[in-house]
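Just so you know, the sequences run in chain order W and V.
Take 1 as the starting number for the first sequence in the working numbering and just add one per residue.
Take 1001 as the starting number for the second sequence in the working numbering and just add one per residue.
Keep in mind the hints are simulated off the structure, nothing from the lab.
As the structure is a prediction and not an experimental result, all values here were calculated from the model.
Glycine is no exception: its CB is placed at the ideal position from the N, C-alpha and C atoms.
Certain hints may be false.
Derived Cβ-Cβ restraints for the label pairs, each shown as a range [stated by the list, open to error]:
1) R132(W) x P1112(V): 46 to 52 Å
2) E1152(V) x R18(W): 26 to 32 Å
3) A15(W) x E1152(V): 34 to 40 Å
4) E1217(V) x R19(W): 58 to 64 Å
5) P1112(V) x R19(W): 56 to 62 Å
6) T1291(V) x A99(W): 56 to 62 Å
7) D1298(V) x L21(W): 56 to 62 Å
8) A1163(V) x L3(W): 20 to 26 Å
9) L140(W) x Q1171(V): 57 to 63 Å
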Amino acid sequence: MNLRAIGAIYAFELARTRRTLVQSIVAPVLSTSLYFVVFGAAIGTRITEIEGVSYGAFIVPGLVMLTLLTQSVTNASFGIYFPRFTGTIYEILSAPVSAFEIVVGYVGAAATKSIILGLIILATAALFVPLRIAHPAWMLAFLVLTAVTFSLFGFVLGLWADGFEQLQFVPLLIITPLTFLGGTFYSVSVLPPLWQTVTLFNPVVYLVSGFRWSFYEIADVRVGVSLAMTGLFLLACLAAVWWVFKTGYRLKT
Amino acid sequence: MSSIISIRGLSKTYAGGLRALGRIDLEIRRGEIFALLGPNGAGKTTLINIICGIVTPSQGTVTVDGHDIVKHYRATRALIGLVPQELTTNAFENVWATVSFTRGLFGRPADPALIEKVLRELSLWDRRDSMIMTLSGGMKRRVLIAKALAHEPKVLFLDEPTAGVDVELRQGMWQAVRELRDSGVTIILTTHYIEEAELMADRIGVISKGEIILVEEKAELMRKLGKKELTLQLAEPLGAIPPQLAAYRLTLAAGGRELVYTYDAQAGRGGIAGLLRDLGAAGIACRDLHTTQSSLEDIFVDLVHEKP
């Protein structure tokens, strides 16, 4: 195992985050905090509680999940796409590193950044809404699992993408709508039965539901199902990454 | 001298059907400077990229220091440093960080003293904190060389290393390359500046249309394939070459005032002595004479054009 290579890639990616602190950390924290201000402190007081939880507090797990998903995908996809775009990928491909080590370096860095962001957003939320965490260990487990899974997904996206537009396409036009329609701002149980069924095809529902359960012990689907679905998606992403490195797709000619 | 790189039956056909390499067999000797020459699209970069692990071969095997590049890729890649043809750099990184990154990527422990030595040797020390995007093309090229040297490779590939580099800097780079060779590093270079290959290389390989058409010691190549020309300035102009001199390959130039004799370098001076005797017997007097020898560039052009 080339641990130094993993460390070099990991440190390189985190250094990129440090160089772009405003764009990487401040902007997502600020934009998510606006939701807490508007829905928590301003409008939230006029919306009825959901299963005993104030509306402002209810939306926190979903909003953290929104940031976690979009940032994980964006960080990881950009991390591997940029060297492909500039040509510096030659260095990674000609180094004595395995596919596994490359993935650990890039995905580990992207997931780390997302987790840090998620925790900062949680701390910020606590300033605006009454936040409680019933199961901190499960909360962290969901946070890490989701960040790793979607960073892997982002890594695959970064390998597949042929341009910056494709990189933006998935987070903006797929992840964000799925998160908004995945129970971030409402409980799935308030939907008509038909839409409840349709919603269950949205994978983000399971992430938000499981994550919210770790806070307030309320969930749209059973927490075991949430875990299983997240694990399933993780396996799918791992399989895609394995296939990419086995075939050299978009990496080697 | 033992081989450090052995290439056996190597071929590459890209997915689109482009056959970049035929069946290549080549041995690179330990500690030599090997110049790989060939026209654009001949397969030089494909060959280098296969050895370095960037391109997957279609057939054949390559070993580096006895290790197969596929089965033992960690061992072979750790031995190799690559300076690519394109100026591919991390524009937003600084020089120190990007060179240190490469050392870590190749599994070597941090060694600030070594990085400092490399940067000083390549005249980059004063710019170590500069973002790469602020550097000139020549400096970026040197950053790529510094990165390739950061993990102390035993084999260094220089793919067109002096493209876009000014003359003074180029000479400095070649001096650094010679010192590397003297320290035991094997160097494989491709260049469009054939005079550089002539100046630097121990051996020359010529690749054309994906096949190695010649591998030879540089001096031997020059001896075998180099042509010499003897130009004689005549005391009196000649209207035609006399029949008794027909055995020689002679042409008239400068309106009959010069007689040009073309001969192979291998022929040595025996041919000249005979010609001068025969000229004297024919009553042709000379005022002056000089010889020229074909350059590696002439040889290269002849070789590549000869290949069907």
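Does the Cβ distance between E1217(V) and R19(W) fall inside 58 to 64 Å? violated (50 Å)
Could you check the hint for me, namely that P1112(V) and R19(W) are 56 to 62 Å apart, CB to CB? Violated, since P1112(V) and R19(W) (Cβ atoms, about 21 Å apart) do not stay within the stated range.
26 to 32 Å as the expected CB spacing between R18(W) and E1152(V), which holds or is violated: This hint holds: roughly 29 Å between Cβ atoms.
Could one say that the CB atoms of R132(W) and P1112(V) fall in the range 46 to 52 Å? Since R132(W) and P1112(V) have Cβ atoms about 49 Å apart, the given range 46 to 52 Å holds.
Assuming the hint says 56 to 62 Å, is it satisfied by the Cβ distance from T1291(V) to A99(W) or not? 60 Å Cβ-Cβ, so the 56 to 62 Å window holds.
The hint says 56 to 62 Å between D1298(V) and L21(W); measuring C-beta to C-beta, is that right? Hint holds: Cβ distance 59 Å, inside 56 to 62 Å.
Just to be sure I understand the hint, the distance between the Cβ atoms of L140(W) and Q1171(V) should be within 57 to 63 Å; is that true here? holds (60 Å)
Between the beta carbons of A15(W) and E1152(V), is the distance compatible with 34 to 40 Å? violated (24 Å)
C-beta pair A1163(V), L3(W): status relative to the range 20 to 26 Å that was hinted: With a Cβ separation near 36 Å, A1163(V) and L3(W) fall outside 20 to 26 Å, so the hint is violated.
In terms of the numbered hints stated before, the structure departs from hints 3, 4, 5, 8, listed from lowest to highest.
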